[in-house]
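Keeping their order, the protein sequence lines are chains Y and D.
With my numbering applied, the first sequence corresponds to residues 1 to 294, in that order.
With my numbering applied, the second sequence corresponds to residues 1 to 296, in that order.
Among the hints, a few may not be true.
[What the hints assert, rightly or not] Which residues of chain Y face chain D? A few of them, derived with a C-beta cut under 10 Å, are:
#1 A62
#2 F64
#3 I67
#4 A102
#5 P110
#6 Y113
#7 T129
#8 I143
#9 F166
#10 I233
#11 S237
#12 M247
#13 I284
[As the list claims (entries may be wrong)] To list a few chain D residues with every Cβ distance to chain Y over 10 Å, as calculated:
#14 T5
#15 A17
#16 V48
#17 W54
#18 P67
#19 F77
#20 R134
#21 P187
#22 A193
#23 P212
#24 D234
#25 A247
#26 S269
It should be emphasised that the hints constitute simulated quantities derived from the structure, not laboratory data.
Where is the CB? At the ideal position from N, CA and C, for every residue including glycine.
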Amino acid sequence: MSHITAPQSVALTAKLRQTLGQIRPAHVVVTLVLFIGAWLMIFPYIWMVSSSLKPAAEVYDADFSIIPKTFAGVKNYSDVLFGQPYPRFMLNSLIVCVGILAVQLLTAVPAAYALAKFRFRGSAILLGTVIACLTIPINVTSIPIYLGLVKVGLLDTYMSMMFPFFVSVFAIFLFRQFFRGFPDSIIDAARVDGMTEIEIVLRLILPAALPAIAAFSVFSFVSHWNDLYWPLIVVQSQDKMTATLSMMQYQSEFDTNYGRSFAAATVVTIPMLLVFLFARRAFIRGITMSGVKG
Amino acid sequence: MSVRTTFERRQNRIAYAFVAPATLLIVLIYLAPMAMVALTSFTDYTLVSDYWEWVGFDNYRQMLADPAVSNAVRNTFVYAALFLPGAFIIPLLLAIAIQERKQFRSILELVYFLPVTSTLAAMALVWAGLMDSRQGVINAALGWFGLGPLNFLGDPGTVLFALAGISLWSVIGFNMVLFLAGLTAIPRSLYEAAAIDGADHPVDQFFRVTWPMLAPTSVFVAVTSSITAFKLFDTVAILTKGKPDHASEVFLYLTFLEGFEYFNMGYASALSVVFLGVIFIFAAVQTFWADRQTHS
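Given only the sequences and the hints, what does the whole structure look like? Please build it.
Next comes the structure, spelled out in structure tokens:
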């Protein structure tokens, strides 16, 4: 790939020299390396979009060019969006992600509030359990949960796709840390004013914890949109297939309509790229919160 | 006094009502399945037959003798050995380089972080295209240097390198952000103090100030990256399915195969228990280290 970046970096050095004048050479070299690295990071996307605009025969053409020689973008994308059930797959992903997030917030916020601000018997045990469960990934509990879903006949339903994620111990832990910092005096004053506990949560705690909730929401949405493992286990039919799971049908060597494959890959990737561009701060905050507090 | 106790009793009721839904779900989603997976690991239960019996430690004994398991363990270790140094050092260097920069900082952060949120299943297909054995862009670039062509994903000798490369691409930005957060938390005054003591060269500064101050972040990055390496699944499921010749069959993928392809639930449960055991060890390292820090 380096032969592609070479002319670019030369142009870049020239430009840097011009604009920055008497800059240290080490600094320029590091900047250059950073930009070459950035190009490597972003190149797969450029290649994906470029390939999605090409006819099948041109995707693996010996002399690669980013701009398609024959433009097949309209055909590839209309094949994906109208010829294949992609709107359905995207809708399924959306339903599952929103459903999971809604229940996660509904269960985590009150539990976290109680753990942060109430003293009740068993609270230490519950908090300990929450922290212990932080380390348990779905991969460990998948067999019994799957067998349970088979028993109750829920395989291949939205319910089965969402159920293992209805409670997020991470959210409970994170929100509890946040709620603990909320001044008790304000809560007591609100109680004296006759506010119910539910009102206190909705009108005082939630607005104050909005950054944490936003960060967690983006985090949850992205990770469940991108999840392959669990849908692969419980989804059986086309009409419950998620966007991410649908990528499985392109790994066969028999599907040689490459242009269309990469149009599908682009369609599946774009929603998370948009989420990322618009909610980058919240997302990064989510990661660093888990890093600092986890 | 009775006012006090009724208030407390009411508060207690509210607290229990607030934690009840989450507690019920934790029991259903974590505690009961954990107990079930442990119990199932002592049975020969398969989904194909209703008859099953207790087999004691047979599944665990079988694991020790199973060439598929030792192969998967070996593959996982080789993959981790390829992935982890890069997943630690590259983001650390990037974070240090980017943090000092005034220009381009946000665009560089954005670009390096982009792969983290991307749907890996879709981007794996793109990587397979880039790594194509005949006409892939990477082989074209290698040809430029008179190397290759390599059948990255189809050759038992290269497939773990290829998977490690894809994982690196997807995790660099994540670890970089963690390191950036850690670097930002180091007080400027420490660098000034070190400079007064004679450490004004960047390398001296790194070893005198940055590295020791960054230790908590480093441990966190190392532990989470190790867990990520151990949980390798998506790219294997999409691109190789453990092929060629079981060369990319890693531990979690083998567990998945035993459970959900061959339906050997007893054996797969035993593998899951071992899987969790390893994750617990990583978590324990992290906790132990954090404790030692706060007590010293």
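To see whether the hints hold, each was checked on the structure:
1. A62: 6 Å, holds
2. F64: 6 Å, holds
3. I67: 15 Å, violated
4. A102: 13 Å, violated
5. P110: 4 Å, holds
6. Y113: 6 Å, holds
7. T129: Hint on T129(Y): holds, closest Cβ of chain D at ~6 Å, below 10 Å.
8. I143: Holds: closest Cβ of chain D sits about 5 Å from I143(Y), inside 10 Å.
9. F166: 5 Å, holds
10. I233: Where the cut-off is 10 Å and the nearest Cβ of chain D is about 6 Å from I233(Y), the hint holds.
11. S237: 16 Å, violated
12. M247: 4 Å, holds
13. I284: Constraint on I284(Y) satisfied, holds at 5 Å.
14. T5: 14 Å, holds
15. A17: 8 Å, violated
16. V48: V48(D) clear of chain Y: closest Cβ-Cβ about 12 Å, beyond 10 Å.
17. W54: 17 Å, holds
18. P67: Given that every Cβ of chain Y is farther than 10 Å from that of P67(D), nearest at about 22 Å, it holds.
19. F77: 18 Å, holds
20. R134: 7 Å, violated
21. P187: 16 Å, holds
22. A193: 24 Å, holds
23. P212: 18 Å, holds
24. D234: 5 Å, violated
25. A247: Holds, because the least Cβ-Cβ distance between A247(D) and chain Y comes to about 17 Å, which exceeds 10 Å.
26. S269: 6 Å, violated
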